[in-house]
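In case you want the letters, here they are:
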Amino acid sequence: MIGAPVRGVPASENDLALVAQLRARSPKAFSDLIDRYHGPLVRLALVFVPSRALAEEVVQETWVGVLKTRGLRENRTIPFSAFADQDGDHEPAVEAARFQASGMWGVPPRRWEDVTPEKLLMTQEAMQHLEIAVSALPPNQRAVVTLRDIDGLESDEVCNVLEISETNQRVLLHRARSKLRAALEEYVERK
Amino acid sequence: MLTCQQLTELVTEYLEGRMSLWRRAQFQMHLGMCKHCRAYIHQMKTTIRTLGSLPQEQMPADIKAELLKRFRSMAPPERK
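The listed protein sequences derive, respectively, from chains A and B. Following our numbering, the numbering of the first sequence begins with 1 at its first residue and continues without gaps. Following our numbering, the numbering of the second sequence begins with 1 at its first residue and continues without gaps.
If you're looking for bench data, these hints aren't it; they were derived computationally from the structure. A couple of the hints might just be wrong.
Distance condition first, Cα-Cα at most 25 Å in a straight line; then the derived DMTMM-like pairs of lysine to aspartate or glutamate [claimed, not checked]: (1) K64/B to D32/A; (2) K69/B to D156/A; (3) K45/B to D32/A; (4) K45/B to D62/B; (5) K45/B to D156/A; (6) K68/A to E91/A.
One chain only, chain A, in its complex shape (with noise of 0.2 Å):
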């Protein structure tokens, strides 16, 4: 039988029947997981080892390994309470220098339409940008970035998968939004 489901988060009716389907051997319902959980997987598997190649490398194995647990029985939970926020230090959201002593701004954002087309942030380059920015980012921040702004996952799903409490989850969020935010920042700026 399936494990139990992860505590928290009731498995969708979609999730259901992809499973019920895996369970009769549905080579389509296979192709399909793949589909689904392949590109997340290997951003997820990017947070832990330096490179594509090499995080293609695990989550290839991860479907191996998948095939290998008997009848897909198995429904764990991945240990990563080592995952809690470590950043001791306050990262402020925007730098410091861009506000008066009052608080207010002194070097204010610029809004990006009146600036620059929407459309240059759809650009590969663009693209790129973003994607080496999140790479910059430390592990706990892209973690949470990439499952929920990336992968979409709502808060309480990306809580369950990293085993972290709300606030925290947020906290990390914040940060890392805040980054990614300033990359496009300097990017739009530049252009």
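Once you've looked at the hints, dock chain B against the given chain A.
Relative to the frame of chain A, chain B by itself:
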């Protein structure tokens, strides 16, 4: 009233819908009066949207074919 700097530290709480009513009112009031902070929120939302449109990784076709081959060769379905 909130300062712009404080607002930049509260933006995720705001976007995640995790603010108390009073804090949210303060936040909205500041936004109503400060075009720079409205630009900041706009940038943050655009950043999140751009992250969501990063291309998904695809598994190389030959590896997928090999995995499917292994899947097909697995034991027959479980019986109740």
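Going down the list of hints, with the structure as the test:
1. For the suggested pair K64/B and D32/A, the alpha carbons sit about 11 Å apart, so the restraint of at most 25 Å is met.
2. Distance hint between K69/B and D156/A is unfulfilled; the C-alpha atoms sit about 35 Å from each other, more than 25 Å.
3. Straight-line distance between C-alpha atoms of K45/B and D32/A comes to about 31 Å, which puts the hinted pair past the 25 Å bound.
4. Under the criterion of a C-alpha separation no larger than 25 Å, the hint pairing K45/B with D62/B is inconsistent with the structure, at around 38 Å.
5. Distance hint between K45/B and D156/A is fulfilled; the C-alpha atoms sit about 20 Å from each other, no more than 25 Å.
6. Pair hint K68/A plus E91/A does not hold up; C-alpha atoms about 44 Å apart against a cutoff of 25 Å.
The structure fails to meet hints 2, 3, 4, 6 from the earlier list, while all remaining hints are met.
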